[in-house]
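J.: Given next are the chains, with one letter for each unit.
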Amino acid sequence: MKKFTRFNGIVAPLDRANVDTDLIIPKQFLKSIKRTGFGVNLFDELRYLDEGYPGQDCSQRPINPDFVLNLPRYQGAEVLLARRNFGCGSSREHAPWALEDFGFKVVIAPSFADIFYNNAFKNGILLITLSEEEVDTLFEEVEASEGYRLDVDLEHQRITTPGGQAFAFEVDAFRKHCLLNGLDDIGITLQDEDAIRAFEEKHRQARPWLFRQPA
Amino acid sequence: MSGQTLYDKLWDQHLVKQRDDGTALIYIDRQLLHEVTSPQAFEGLRLAKRKPWRLDANLATPDHNVPTTLKERAEGNSGIKDPVSLIQVQTLDDNCKAFGIEEFQINDPRQGIVHVVGPEQGATLPGMTVVCGDSHTATHGAFAALAHGIGTSEVEHVLATQCLLAQKMKNMQVRVEGELGLGVTAKDVVLAIIGEIGTAGGTGYAIEFAGSAIASLSMEGRMTVCNMAIEAGARVGLIAVDDVTIDYLAERPFAPTAEQWQAAVADWRALVSDEDATFDKVVTLKAEEIEPQVSWGTSPEMVTGISGQVPDPLAADDETLKRSHTRALEYMGLQANQKITDIRLDKVFIGSCTNSRIEDLREAAKVARGKKVADSIKLAMVVPGSGLVKRQAEAEGLDKIFIDAGFEWREPGCSMCLAMNADKLGAGEHCASTSNRNFEGRQGYGGRTHLVSPAMAAAAAIAGHFVDVRTLAANDASHAQEA
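Those protein sequence lines, which keep their order, are chains A and B.
According to full-length UniProt numbering, the first sequence is numbered sequentially starting from 1.
According to full-length UniProt numbering, the second sequence is numbered sequentially starting from 1.
These aren't lab readings, by the way, just hints derived from the structure by calculation.
C-beta: ideal position from N, C-alpha, C; glycine also.
Do not rely on the hints blindly, as some may be mistaken.
Each computed DSS-like pair below joins lysine-lysine, with the alpha-carbon atoms no more than 27 Å apart [to be verified]:
1. LYS49/B <-> LYS34/A
2. LYS371/B <-> LYS81/B
3. LYS202/A <-> LYS51/B
4. LYS81/B <-> LYS34/A
Calculated Cβ distances over 12 Å to all of chain B for the following chain A residues [what the hints assert, rightly or not]:
5. GLY89
6. PHE102
7. GLU141
Covered by chain B, per the in silico footprint, the following chain A stretches (three or more residues, Cβ under 8 Å) [stated by the list, open to error]:
8. 21-28
9. 31-43
10. 62-68
11. 77-85
12. 167-175
13. 185-192
14. 199-212
With these hints in hand, go ahead and build the complete structure from the sequences.
T.: Written out as structure tokens, the structure is:
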């Protein structure tokens, strides 16, 4: 995982509540056994006017000119501004893989679904939860000014608008640490190998049926 | 000190280490694997030169991609026409073989949807932690197991360490008190709950379902309820252990036997919330007020009773909701204030990890017996949840009832719930579906899903539009009296 560093990026607004992971990446693209290459199919059903299938040359497909990510002013966006309950539904990690592959480093919303929240951080994507009012303010500003960018500073847990207004956000210490240092958490967990073995042995003694195999 | 909730107890029993930063290491007793969310996890293990921590904690079966016609299935993996799907299923077989993980392959009679297979085998037991790279893992909470969906990175983490990094959730109790009316099922209960608390109502919580109406449900009904906890935003749904739980598990292949069974049962009896346990949030529904449910929109919270109507978006509480409802009606091709019983259907799907167990098929067959699927229905299909469910249904003659009525009787898999195989909706088609998600495009590009119970789906197939299954039940009862 890459280290998450402070950056100043273009913001794209997706004005829609309850964006589910089926919408972020439709099921036909989950057939891949790789982790990469999902970016061209991010929001496939909103982005294109036809039905997509895996392995297709997306540059030849009719694009939906009204969809926000297709508008020239949002090209190169690295911050996605969204509405409440973003990422609900299926546990598919293909959703953050697609967002990351497309170029998004940050999603800002009033709330996120739990499984998506975990999956995003494990792929180096920072999810920032702000209040409904703060998100409303950002939507107004983004839509009002072309080339709108936000400065994202994870270390100090704040984003700053072009006008100099700063919004503080919460993020738990462990996730922040992993993101800033680009750490693989399996490696971190295995530092506790002895504790896991000791727990496992005690657990097996107490409840041997949990370790049983069929005859 | 107040008592513990069921969730608190399960958490404590699996806590390996609490870290200062608020995260915890939780031990995982069972991981279920399928072809869609596991290949990248196995690949990650290989790249890091790691081995699975405990092979026997894992159980795998292909389900999402498998074809469901007998003709295709007769050829095993080579019957999978889509080459990309074939690679995925083949990759699961290869990975399980290479690492030594038990797998029920495509034509093993025990193959099926992971969330049907686990409980059916007794591979899901009370007091376990159960994970799977699938959000409907909440299903297993019906057994008082701490079960939830995880992403592929976490699948790899569990394979490598037998643990999960987690943060403790908050406790919510959803009580359904009273007696369910005739024709009102577990599916209607959970849809009504989602309609009440919303798709984000349970975010951050483990929900324990309780109350007399929940206690009256069979294990299969309880699985249907817990299955859709995630549709209320909660990763975890739970139901306390009682005699129904224990009776279900006796003599299942992976369940303990003899003296170990006695010890296990004694241990399981404690898997209930203490009387003085406190919940962060409690929601109560009256069973008598729940009628058969039908979803009208593109989120499971967009649901109403069969006697209701499609809402008017302009009446929604706030701007965001107004926009969501407007967009949903446009996508669904429905009018504000349209009666639910006026929604005409093109396809009917009975199946999925929510509703493909034997009792679901019995309920649907009871409605379909001696009737015919309406001419206007292009396809009505029944997809059993596992090879063993299929075998049981055939032993009871349910397959004949469905086939005689004009339904297609298929082979087990996830099928049209998410349409990763060939079973899908065409653009604009309305489907009465016993699955769990009515998201845009979920069952096929441009497809329009209405979530219902198996009995309601069967009734809709016969009528060609939604009907109140309670009136059918009443008619049947009065006919029986006349005869």
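J.: Verify this for me: three or more residues of the stretch 77-85 of chain A with a beta carbon less than 8 Å from a beta carbon of chain B.
T.: Coverage by chain B holds here, the residue count being 3 at a Cβ distance below 8 Å.
J.: Given the hinted pair LYS371/B and LYS81/B, is their alpha-carbon gap at most 27 Å?
T.: Since the Cα atoms of LYS371/B and LYS81/B sit roughly 34 Å apart, the hinted pair is violated (cutoff 27 Å).
J.: Does the structure keep LYS81/B and LYS34/A at a Cα separation of 27 Å or less?
T.: It holds: about 20 Å lies between the C-alpha atoms, which stays within 27 Å.
J.: Are all C-beta atoms of chain B more than 12 Å from that of PHE102/A?
T.: Fine: 18 Å to the nearest Cβ keeps PHE102/A off the interface.
J.: Using a Cβ cutoff of 8 Å, are there at least 3 residues of the stretch 21-28 of chain A near chain B, or does the coverage claim fail?
T.: holds (count 5)
J.: Count the residues of the stretch 167-175 of chain A whose CB lies closer than 8 Å to any CB of chain B, then report whether that count reaches three.
T.: Contact hint for the stretch 167-175 of chain A vs chain B: holds, 3 residues under 8 Å.
J.: For the stretch 62-68 of chain A, do at least 3 residues have a Cβ located nearer than 8 Å to some Cβ of chain B?
T.: violated (count 0)
J.: With the threshold set at 27 Å, check whether the alpha-carbon distance from LYS202/A to LYS51/B stays at or below it.
T.: Roughly 22 Å between the alpha carbons, so the hint for LYS202/A and LYS51/B holds.
J.: Would you say the stretch 31-43 of chain A counts as covered by chain B, given the rule of at least 3 residues with C-beta under 8 Å?
T.: The restraint on the stretch 31-43 of chain A holds, since 5 of its residues have a Cβ under 8 Å from chain B and three suffice.
J.: At least three residues with a C-beta closer than 8 Å to a C-beta of chain B: is that true for the stretch 185-192 of chain A?
T.: holds (count 5)
J.: For the stretch 199-212 of chain A, count the residues whose Cβ lies under 8 Å from any Cβ of chain B; is that count three or more?
T.: holds (count 9)
J.: For a C-alpha distance cap of 27 Å, please report whether LYS49/B and LYS34/A respect it.
T.: holds (18 Å)
Figure legend: structure checked against the earlier numbered hints; hints not met, in rising order: 2, 5 and 10.
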